[in-house]
Amino acid sequence: MILLAAIVLTFKVAGIAQTDSITNPNREFKHGYFLRTSSFFFSTNLSAIWLKNMQQFLKERDLAKDTRYVINIPFETGFRFNDWFFSLNMAITTPFFGDDAFNPKMFTTTMHTERTVFKTRNYRFNVGLGASLYQYAISIQQEEPDRQVNFNDLLNTTFRRTPVLSNRGGAFDVAVSLTNREKRPISIENCFRLGYRRGFKRYKWKSESFQLINAPSDQLDMIYFQYLVSISRNR
Amino acid sequence: MGKLSLIVGIFLCFASSEPVEKATLILYRGREFLGNAHEIRVNDKLVANLAANAYIEVYVSPGKTSIESSIYRGSKRVFRLVTEPAQVYYIKAYEEVDFWDRYLVMGAVDVETAKKEMKKCRKTEKVRQPE
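Just so you know, the protein sequences line up as chains V and R, in that order.
Letter by letter, the first sequence follows residues 0 to 234 of numbering that gives the first Met the number 0.
Letter by letter, the second sequence follows residues 0 to 130 of numbering that gives the first Met the number 0.
Since the hints were derived computationally from the structure, they do not count as laboratory data.
Don't take every hint at face value.
List time: in silico DMTMM-like cross-link candidates among lysine to aspartate or glutamate, alpha-carbon distance up to 20 angstroms [stated by the list, open to error]:
#  : chain 1 : residue 1 : chain 2 : residue 2
1  : V       : 118       : V       : 27
2  : V       : 182       : R       : 97
3  : R       : 63        : R       : 20
4  : R       : 119       : R       : 56
5  : V       : 118       : R       : 31
6  : V       : 182       : R       : 95
7  : V       : 182       : R       : 111
8  : R       : 122       : R       : 38
9  : V       : 29        : R       : 97
10 : R       : 63        : R       : 130
11 : V       : 182       : R       : 20
12 : V       : 118       : R       : 97
13 : R       : 75        : R       : 43
Note that the structure is predicted; figures quoted are calculated from it, not measured.
Excised from the complex, chain R in its bound form (with noise of 0.2 angstroms):
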């Protein structure tokens, strides 16, 4: 009786905690010119190619959190935040090409102008959610 009153009770406990929320990041771009697609990894695994006039979305634990592009014969860019539970975050990238080098350029977006932006974007399905 001891010992069922002990698992019953472990497994109440269990069941009544409730699971940490995740964060969802929404990265997109916007038309671009000639834009080329761009791998992204979130939190240092591999999530998906996001191309111009593109949205990815992805969830992850909330705390900091990194976002790194990178490209063939181009550089690697990390965008850093820290995310809340349960939170939506929008983050616009474009592509910077010069003679040399090409990268994506990162920032955060608030709500409303990031909606109105990714109005035509189209979703990318194949992405891998890093955890």
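Same shape as in the complex, but just chain V (with noise of 0.2 angstroms):
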């Protein structure tokens, strides 16, 4: 009787511990600092984008049919404490994206601030704020099949181009992130982020070849996606 009570004793406390380990990672890493990319052909850094003025501008002169969509490439790095990520994250425009007519850029930096506000053994979900600057940059090509122009006045002609036309300004920026836990001291993560944007302000358009009268000002409005692969080191 006193061995079988011994039994069920060990076996309920050996029970209970291993519980927690079964449902809480193995090992419980502090701290850590990670870098964060997606790859370069296959960049997912989806963003749709309204800056309204223009958009009208282009869109009542049949100049590009739809402006809003951009695919950059993401690269972030930053630190971890605990349950909190500190980050800079910056965007390119993928010089495979876009097509003659219409050529959407855009740079983003972002600094963020996120934190875990639920996790399981094998994700975190987090919540961040953070602050962007930004530039979106256009230039129209029309282009002109039937024209012809010799070689030896190309410099001397003008073409049916735009020159490059950009809003420049800062944002906050506020996402929810999905990403795996940390598992090992090196670890590979992935990562998912859905984010908002918006413009401190409204920002006047503005070319870098003159300067641009009458033009209008915008104030952004974004929400992008993000697909990262994370590499960390924890401790």
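Join the two chains, each given in its own frame, into one complex according to the hints.
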């Protein structure tokens, strides 16, 4: 009877200990640093951008059909302290994206702070706040297939192409992300992030070639999705 | 008469010997975020697909027992135990997801903890008993 009680007690204690080890990772890493990016050719920073005045202007003149979507290559580096992530994220437009007539290019730099609000053995669900600097630039090329241009006159000829127009400014950034939990001293994780950026204020469209008078101003509205592969060093 | 006595004797002999009671294995998984179903093999026989927030009940002959879990693009994991007749064993499983791999982590759990955790688990009906 005593032996049975001892076995039951041992099993109970062992059982409880094992339950914890089953639900939680084998080792808790308190802090670490990480590098994140996506594939260069299969970029996964997809954005939908609203800069209403310019988009309306282009639509009215039938210059561009849809100017909202941009695909970027994201890079990110930062560190984690317990459930807090601090990171610097940069995203540039891939050179393989965009049609010839309308070339949207976007560059963003974002300082992010994320906090894990829910975590399981395998995942962290984070919410984040940040501030971004952005530059969204377009240039429109209208094709002239019937026009003939002498090669020697190439540099003296004007073409139907607008100078680069850009909207540059700062924006708030809120995001939610889902990442794998770090389980090894050097760990590879998936990171999915869905975010929203809103310009601090309206910023005027500018051209670097000359002073643009009566240019419209736009406040950025942007939704983005990022898939990043993260390599982290944890302690 | 002698033959008849022998037959009756054999019959009584078999009738009086009690069948060996089987042990019960209850394998369960609690609520898991994005948990996938894993194939469960008991003593090398496929018994069920165990999803998150579900449990299976399997009856096995007492002795050495192995519970193997596997999933597509994941690795196999085996949990071994020695079972006693008419005993009930609670085994908790949880999916481990890594960038390269995924598998079930299994461990024995005491009755009270298991019953508490299993309250909201649904029973998996499609279970093929190994024997």
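Now for the hints, and whether the structure bears them out:
1. Annotation: proposed proximity of residue 118 of chain V to residue 27 of chain V holds, straight-line Cα distance about 12 angstroms (limit 20 angstroms).
2. The hinted pair formed by residue 182 of chain V and residue 97 of chain R meets the criterion: a straight-line CA distance of about 8 angstroms does not exceed 20 angstroms.
3. Distance check on the hinted pair: residue 63 of chain R and residue 20 of chain R sit about 15 angstroms apart at the alpha-carbon level, within 20 angstroms; holds.
4. With a C-alpha separation of about 15 angstroms, the suggested pairing of residue 119 of chain R with residue 56 of chain R holds against the 20 angstroms cut-off.
5. This hinted pair checks out: residue 118 of chain V and residue 31 of chain R have alpha carbons roughly 11 angstroms apart, not beyond 20 angstroms.
6. Distance hint between residue 182 of chain V and residue 95 of chain R is fulfilled; the C-alpha atoms sit about 10 angstroms from each other, no more than 20 angstroms.
7. Distance restraint check for residue 182 of chain V and residue 111 of chain R: the Cα-Cα separation of roughly 30 angstroms exceeds the 20 angstroms cut-off, and the hinted pair is therefore not satisfied.
8. The hinted pair formed by residue 122 of chain R and residue 38 of chain R meets the criterion: a straight-line CA distance of about 15 angstroms does not exceed 20 angstroms.
9. The suggested pairing of residue 29 of chain V with residue 97 of chain R holds, with an alpha-carbon distance near 18 angstroms, which does not exceed 20 angstroms.
10. Straight-line distance between C-alpha atoms of residue 63 of chain R and residue 130 of chain R comes to about 14 angstroms, which keeps the hinted pair within the 20 angstroms bound.
11. Our distance criterion of 20 angstroms between C-alpha atoms is broken by residue 182 of chain V and residue 20 of chain R, whose separation comes to about 42 angstroms.
12. The straight-line distance between the Cα atoms of residue 118 of chain V and residue 97 of chain R is roughly 15 angstroms, inside the 20 angstroms bound, and the hint therefore holds.
13. Of the pairs offered as hints, the one joining residue 75 of chain R and residue 43 of chain R holds, with about 12 angstroms between alpha carbons and a cut-off of 20 angstroms not exceeded.
In this structure, the earlier hints numbered 7 and 11 are contradicted, and the remaining ones agree with it.
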